[in-house]
Structure formats: C-alpha cells, structure tokens
Amino acid sequence: MELLIFYPIAALAVVLALFVVFNKSPIGSAVSLIGLMLCLAGVFIGLSAHFVAILQVIIYAGAIMVLFMFVIMLLNLKDDDNVIWKSREGNTLLTVLTGFLVLGILYKIISITLSADSSKPAKIMESFGTTAEVGKSLFTTYVLPFEVASILLLVAMVGALVLAKTKID
Amino acid sequence: MAPLSHYLVLSGILFTIGVMGVLVRRNAIVVFMSIEIMLNAVNISLIAFDRYLGQHDGQIFSFMVMAVAAAEVSVGLAIVIAMFRNKPTINLDEFNLMKW
Amino acid sequence: MRNDPNMSEYFFIAVFAVVALVVVAGILILSAVLGPKNPSPQKTVPYECGIIPTEEAKGRYPVRFATIAMLFIIFDIEVVFMYPWAVALDQLGFFGLIEMFLFIFILGIAYVYIWGRGGLEWD
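Residue numbers (the working numbering), protein chains in the order written: chain A, 1 to 169; chain B, 1 to 100; chain C, 1 to 123.
The shape of chain A in the complex, shown without the other chains (with noise of 0.2 Å):
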C-alpha cells in the first residue's frame, strides 16, 4: 500500500527534476521545481514528518519559488541558446570524465544503499512529526542552533538589502 503510494510520487519527482535541469526556459524550469517540491512534501507525509511536509510547502513552494519567478520575470530572460550541450571549448575529456564520475558515485550510493539492512524501522508513538513535538526537541535540545538561526537571518537580510540597494556606476 505504501510502495503504491511512494512510487508514483518518485518517479514524478525523478520527472521533474530532470525537466529542472533539461528545460531550456527558466520560467519552465521553476515551476518544474515548484511541482518537485509539492512531491517532495508528499514523500515526507508518507514518512509521517507532517511539520516538515508543511514547511516544505510553505517555504520552498510558497516563498523560496516565488522570488525566483520574480527575479526570472525582472531580468526578462530570453530561453537558453540552443549551445548548452556544448562541452566548452577544450573541455571534452573533462566533460567525460565527470559524468562518468557522477554516474560511478550513483551506482555506488545505490549498491551501499540495497545491500544494507534496513527492514526493521522503529515504532513510532502517534504524535511523531507533528508540530508539538518538532517544537519541543527544537526549543529545548536544539536551543543554540535555532538562536544561531536568527543571526543567520539577520546577516542574510542586511546582505540581500545592500546587494540590491547599491547603485552601480
């Protein structure tokens, strides 16, 4: 029941993230990625983290997607030139050699992966995943991280501020 459920949701996800890489609009690109993310949520509701599911929907899906449509639509690309299989000039054995590098660690995290055994997953308590009880390791284990959280915030919007606001001349 559950592999009936989780497989159709992958195998979108799969889809999409190669339409992500594959499509020669950005705009087609990003909402590629909104529909990953949506998959996304749905692979963590079948793992019952239903917090993380609902963040994931409201932070990637509602506000991280939205600044790149906006930033797509302000800088008003035009799709991609028809020269991005390209290798670049005098990189072709580089080319090569790294995707058969990417190809090798996939086989390999795949064949770690399946040899290991992983048939029996703890017993959960019915609140697991929700709100209440991500808050409460969060607010009490996890205390520096999240106040460590905040300065992170806080540098991140100072930068986005003065990256945008200065006048270059």
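Keep in mind that the hints were calculated from the coordinates and are not lab data.
Please note that a few of the clues may not be correct.
Mimicking DSS-like on lysine-lysine, the simulated pairs with C-alpha atoms at most 25 Å apart in a straight line are [said to hold, decoys possible]:
#: 1; chain 1: A; residue 1: K165; chain 2: B; residue 2: K87
#: 2; chain 1: B; residue 1: K87; chain 2: B; residue 2: K99
#: 3; chain 1: A; residue 1: K24; chain 2: B; residue 2: K87
Use these hints to put chains B and C onto chain A, whose structure you have.
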C-alpha cells in the same frame, strides 16, 4: 513506511540530477535551482533516517537546511541581479574576470 | 496506511489534487479535441479590434518586487520558526518565552536596519 533503501535511492538520484545541473547548465538561475534540488535530496535522506530511527533530530536538521536555503536564495539572487547589472547576461561562462 | 489516523486526513487532499488534475486536463483535452480550429494572422494579434501593439507584452518587472520578495522570505522563515514555538509553549514555560524574545530581538535589529536604510520604501 516504504523500505528505507527506497528513500535513500530516491535521494541519491535527485542529488545526482542536481550535481548534473550545476555542472552542465550555464544559466545562473538554473544552477541555483539545481542547488535547491541537492538540498532537498539531502532533506529526504535526513527525514527517512529520522523516521527509521524514530527520532526528531533529522527533522530539526532539515528545518535548519530550509532556513539556510532561504537565506542563501535571498542573498544569491541579489548577487545574480547585481551580476546582471554589471553585464546584461547571466551566462556563467561570461563571468571570467577572476579566472587565472 | 488506513489504520493510521494521522494519514486518513490526507485522503481528502489526495482526492482534491486528483479532481483538480482531472478537471484541468479534461478541459484542455476537450477543448483541443472538440473546438473548431481555423487560425488566421488577424486572430493572433493581441488586440483584435485593430490597434497595433507598440511593445512586447513580456516587459521587465521593476527591481522593487524582487527586493520586497527577498525580505519577505526572511520574515517568512522567522514566522515559520514561531509555529512550533506557539504550539509547544505550554511545555516550554518561561525559558521558551526568553529564547523567543532573544530571537525576535536579533531579527528586530535587522528590521531597524532595513527601515533606516529605506528597504521598505517603494520608490
């Protein structure tokens, strides 16, 4: 819960697609989106392990990953706009001023 | 999955998503199959009544929108950090109140900076 290995394989495939996008594309915004795919692939494996072990730590980690991703996107896209102001393109091959 | 009470709530979302997909795809397919098609150059211009458009419809958006969206994302994350805090506050007690005050204080510094720098002004 589907077997843990399925989630890890999904995570590996998505991460590889993200790496491929970063290496292959020259449009700065699409490279950014590929980085987002990689961050999300890591989130999947964090949450899958989390569910497998029955703890909440991985969800906190993925929450932090999302916060870092949001900060990174807002600064990164500001940088992309600044790049575009300097030179009206976002093709990454054109920005080779600091190349040796 | 049916025996898990948490999961049965998502059944309605799944039904909603499937219905939305079927309706959209159905309308697009039906209009493509049933609709009459005889295109002509006159029909593809933006204003059918004869005004000739002077510029492309795909204009550039002003940079103000992107700046506001950047600041919105950060404040969105700040609010998202408050959801689990608000739900778990009765178990956290006074300590939870203090840590959220510290969090909001640090982000308040950023807010004051943005206000002083003029990041919230539209022009």
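Structure-based check of each hint:
Between K165 of chain A and K87 of chain B, the direct Cα distance comes to roughly 17 Å. Compliance with the 25 Å bound is thereby established for this hinted pair. Between the alpha carbons of K87 of chain B and K99 of chain B the distance comes to roughly 17 Å, so the proposed pair stays at or under 25 Å and holds. At roughly 21 Å between alpha-carbon atoms, K24 of chain A and K87 of chain B fall within 25 Å of each other, so this suggested pair holds.
Of the numbered hints listed earlier, not one is contradicted by the structure.
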